[in-house]
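K.L.:
So you can see what is in the structure, the chains are spelled out below.
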Amino acid sequence: MTVSSQAGIDETPLVARAREGDARAFGELVQHYEGKIFRLAQHVTQNREDAEDVLQETFMKAYEHLDQFEGNSKFYTWIVRIAVNQALMKLRRRKTDRSVSLDETIDTGEDTLVREIAAWGEDPEQRFSREELGGILDSAIQSLEPPYRSVFVLRDIDELSTEETADVLGLSVPAVKSRLLRARLQLREKLTRFFRRKGDDAFAYM
Amino acid sequence: MLTCKDFLNELTDYLDECLDAESRTKLERHITECPNCWVIADTTRKTIQIYKGMDPYPIPPDVETRLMKALEKKMAEKQK
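Line by line, the protein sequences give chains C and R. Heads up, the first sequence is in our numbering, so the first residue is 675 and it goes up one at a time. Heads up, the second sequence is in our numbering, so the first residue is 3 and it goes up one at a time.
These are computed hints drawn from the structure, not numbers from a lab. Only a predicted model underlies this, so the values are computations on that prediction, with no experimental measurement involved. Even for Gly, the Cβ is constructed at its ideal location relative to N, Cα and C. Any given hint might turn out to be false.
Below, computed lysine to any residue pairings styled on SDA-like, alpha-carbon distance capped at 20 Å [stated by the list, open to error]: (1) K76/R / D727/C; (2) K48/R / F749/C; (3) K864/C / K71/R; (4) K48/R / L807/C; (5) K864/C / R766/C; (6) K48/R / R871/C; (7) K735/C / K7/R; (8) K75/R / A697/C; (9) K7/R / A849/C; (10) K48/R / E66/R; (11) K54/R / A697/C; (12) K71/R / M734/C; (13) K48/R / E806/C; (14) K735/C / K75/R.
Output of the computed footprint for chain C on chain R, the stretches with three or more beta carbons under 8 Å from beta carbons of chain C [as the list claims (entries may be wrong)]: (15) 11-21; (16) 24-36; (17) 63-70.
When you get a sec, could you build the whole thing from the sequences and use the hints?
P.N.:
Shown next, in the form of structure tokens:
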């Protein structure tokens, strides 16, 4: 079972009221999701100023096109799709290199998936302050290639299902799964540098 | 016999708990016999858990104010 969590609020009545023109209901939806959308925008654009623009444009567009939201997907998935599109437009404007494309073919051939193996200590994240931990996690994500990064962020941080992630990014389900595996393994390896059990030596594998 | 490579290919479905019972049993048997794959599965699971536990970014007050002002303007226009 994949989990798609929308814990916290029952968005359906709020969305219905917002669609009827209830500004306060729409405001509640914004307040509930703005933190997640801002984080997503920062991960995809890797730029604070762009992320602020994406945040604003996402909710403006959502409000403008609220009558087009059909309710057969979740409202959250719908605004995530708007945010991803806005963020990608920013990226394309800023860079012209191919690394921006999320649908490019990735060579998933015989490259090494795992280089280092070392067990982690007990609750390894406790060794770091909140700020340090945040810095470690963010820079690990930022070092991923965009196609891996966006899949990981949507799937494991924003907790969309595999199908929703595929839908938002215009990818097939197998492509999402294969990118997710690689993203998770790369992050695991990056975090191992910080979280490994003290005294353990890593060894080469596969 | 399941190889380490087979195990890695199934790792995402294994950690997301979307495998059938038979495949799951095979993978679990593999990690009881292969310490390397056990470590990979364990540390990958922890990687996912740590990221899931992150709080969303707080919105800086000036960004929040700009967003709310822009929305209010938009809402006022729509209601005209």
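K.L.:
Against each hint, give a clear statement of whether it holds in the structure.
P.N.:
Each hint tested on the structure:
no.	hint	in the structure
1	K76/R / D727/C	holds (16 Å)
2	K48/R / F749/C	violated (29 Å)
3	K864/C / K71/R	violated (41 Å)
4	K48/R / L807/C	holds (14 Å)
5	K864/C / R766/C	violated (27 Å)
6	K48/R / R871/C	holds (14 Å)
7	K735/C / K7/R	violated (45 Å)
8	K75/R / A697/C	holds (11 Å)
9	K7/R / A849/C	holds (18 Å)
10	K48/R / E66/R	violated (33 Å)
11	K54/R / A697/C	violated (31 Å)
12	K71/R / M734/C	holds (11 Å)
13	K48/R / E806/C	holds (17 Å)
14	K735/C / K75/R	holds (13 Å)
15	11-21	holds (count 8)
16	24-36	violated (count 0)
17	63-70	holds (count 5)
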